[in-house]
Amino acid sequence: MQWTRRHLLGLEELSAEEINFILERADSFKEVCTRPNKKVPALVGRTIVNMFFENSTRTNISFQLAARRLSADTLMFSKAGTSIAKGETMLDTARNIEAMGVDVMVLRHGASGAPWKLAANVSCAVVNAGDGQHEHPTQALLDLYTIREARGRIAGLTVGIVGDIAHSRVARSNIWGLTKLGARVMVVGPTTLIPREVEKMGVEVCHDMDHAVRECDVLNMLRIQFERQDGTNPFPSIREYKQMFSLTAERLARGKPDLLVMHPGPVNRGIEISPEVADGPKSLILRQVANGLAVRMAVLQMVAGVAAAS
Amino acid sequence: MQWTRRHLLGLEELSAEEINFILERADSFKEVCTRPNKKVPALVGRTIVNMFFENSTRTNISFQLAARRLSADTLMFSKAGTSIAKGETMLDTARNIEAMGVDVMVLRHGASGAPWKLAANVSCAVVNAGDGQHEHPTQALLDLYTIREARGRIAGLTVGIVGDIAHSRVARSNIWGLTKLGARVMVVGPTTLIPREVEKMGVEVCHDMDHAVRECDVLNMLRIQFERQDGTNPFPSIREYKQMFSLTAERLARGKPDLLVMHPGPVNRGIEISPEVADGPKSLILRQVANGLAVRMAVLQMVAGVAAAS
Amino acid sequence: MQWTRRHLLGLEELSAEEINFILERADSFKEVCTRPNKKVPALVGRTIVNMFFENSTRTNISFQLAARRLSADTLMFSKAGTSIAKGETMLDTARNIEAMGVDVMVLRHGASGAPWKLAANVSCAVVNAGDGQHEHPTQALLDLYTIREARGRIAGLTVGIVGDIAHSRVARSNIWGLTKLGARVMVVGPTTLIPREVEKMGVEVCHDMDHAVRECDVLNMLRIQFERQDGTNPFPSIREYKQMFSLTAERLARGKPDLLVMHPGPVNRGIEISPEVADGPKSLILRQVANGLAVRMAVLQMVAGVAAAS
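Residue numbers (this note's numbering), protein chains in the order written: chain V, 44 to 353; chain P, 44 to 353; chain E, 44 to 353.
One chain only, chain V, in its complex shape:
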């Protein structure tokens, strides 16, 4: 196939073929990232702008570094606290920055759907780096890449996603990606954190962590945020949550011998995952981070190529 999308907005709209195409492109950039000189001239003279309307360190740095390794110029525009109510401002800002001759905008925004709104209003390429509680496609792509790298395949594996499914863009994007590529997906957590509609996405719901540990080939532990910005607290107490869902070494020992552990970071050590598991031999956490570079290099190069050709 040939890549024809100008934007990477979410995994819901991608076909399995497109997802696999990205993962294969990422393979070649993974090789580049092992060289002493990690730079390729793919995007010399192109400009990539990170527009981050939510605080972020790791995703921001990962995209910046990916852009630099493609030899693009990078610019950073960040303005935390801007909400959907100020969506107009986001578009005005974007149109101005686009007028300066930008090739790709990488957008993180607190409002679900913001990247689609942006893509409809600019002619450069748009990459979604996380929109509200909706999608975080490059995180899911690097998770898929990491599973495929560690296990050789995705189809047929059972992958558990554990935590606050209801509010997690990482969970949503992973569910789309994993089911499209043929994995069995189990969402795991207390009733209050799993929305009823999730079963329509083709996943199994599980409220028993020990059952999930026994069934799964991979466990993706979401970060638990006990303090929510909207003041509501859908969580049981931290103590109760840990007792029921925390991935401890003891719990992990009851799973399959080749069970693998993932986490999108930053890790709350001792809350959703114990330190010895996070740093242990079954953990893929740092490989996820490393693979994020390769996946984002692939995505940026692909969308920049489409933008340039049109």
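No copy labels: a pair is met if it fits in one copy or bridges any two.
Quick list of in silico lysine to any residue cross-link-like pairs, SDA-like style, CA-CA up to 25 Å:
no., residue 1, residue 2
1, 122, 313
2, 325, 166
3, 223, 349
4, 73, 85
5, 73, 165
6, 73, 164
7, 160, 318
8, 82, 144
9, 160, 55
Since the hints were derived computationally from the structure, they do not count as laboratory data.
Here the structure of chain V is known, so what remains is to put chains P and E in place on it, guided by the hints.
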């Protein structure tokens, strides 16, 4: 002619010949900015520092991007809130940064005259990116460039500058540039926002927006800031201001068929200009932003060249 | 000799031979820094991250610029206010950033020993840009370089370090470096600011500034911070301190004719040093800043080379 100035501080001190020289240089960079690879090796190994003592996003990004496209290394130093009282600190900081081997300093400062003070104390080149209520020469240059590009000439045109003339560095720099290049300039606004001395700069004063719309070939709508930092409020009410001076589609329809609309940004949509005018076919707003890159590339290359030769 | 250290953590652990080796390498970069094009391709495709957990402008800019002149890509991660209590967070952040393929981390941290802790937990190179009240090795190296450049040698010179010796990492690193290279070191200040143990480092203690001025070939005036973060105030009054220890023109006139004055910056003009001395002919302050670039280029290139070879 040959460019011999080490600094670009204000348009008041430039001759018409010098202004035209910059605009012609900008033409070649405008062409560069239309290429897929927008980078030229003009300033490889040179260092350009943005020293911003006032908050700014667009001007900052525009200068940074211009410097990168010339292949210079860029550094950002920002410290909002520093006032004229701390002028000594600005010079100390600047001398230290200069000692690191900097070629050009781009200064934005809340104190009128700060760039001249800086230029007198460092041996690198200084570019004024806005000083107090005094000058903003690159904004005026990109405005001139945009008018010339759209209408083929500047001499003989009637250009209206509408809004808070008294406190606007954009207005001052535009007045110097436009009058030097032979335009007829009309400043438009309520009595409280137009200083009496402005007529000495060779402009006509107009308090009737409808008259200005009929007379002008170009209207440059200044951004209205209803909340001033000094707590004073020289404005009538927003409602009254809008009724008298806002550029609406209805008002615009009464102007010449080829009347063009400009705005230095960011736009207060619905205040000084209505959204349909800002985004309409007569608006040059995004072309101003695009041309800003070319003009700033020209300026940076010219002053860096003089600094290197001396 | 061949440089074999992967990290530059402090001068206490370096031999005189190693220190001289760095100073000699810096000579060649000093020459590079005088060229119009100050860029060398030494670290193309390498990534250097500034991790600054304390506010800093000058050291940060100096390291960034040094990295760029070596053609490395630079990333900035800053988070002021993080204390030793959150050391775990620093390591987690560092491991994540390392996983992205970073070659050198430049760390500034409020906790003494943080760079050693970091170096023990990552496989990339670590450079200490100041840790608590412990060491600031590149500052001392640039001070040594500047003395050697101005006087042709270090051995046999008498160097006075004046101010808050007890809390100064600049003082500690300078003491290690100067004594290893054979200088006679005199620490000068009020009793409350000179720890008793300092004599074990091989220095003389002096509480009489006029005596120090007469004896010394070089005076390194530390920045006095009258407001300490921990709320304690070990200082006499400002007025009293100035009277006893400030380096005024009058005091300076009583010293040797070739007495040289240094200061790590930023200068409190009129407190520890008078403006006419700071800007006068005996001042090496701006040469220190300039030499900082050359010294940091040398250090970054050396540690990156070791990291790449292993």
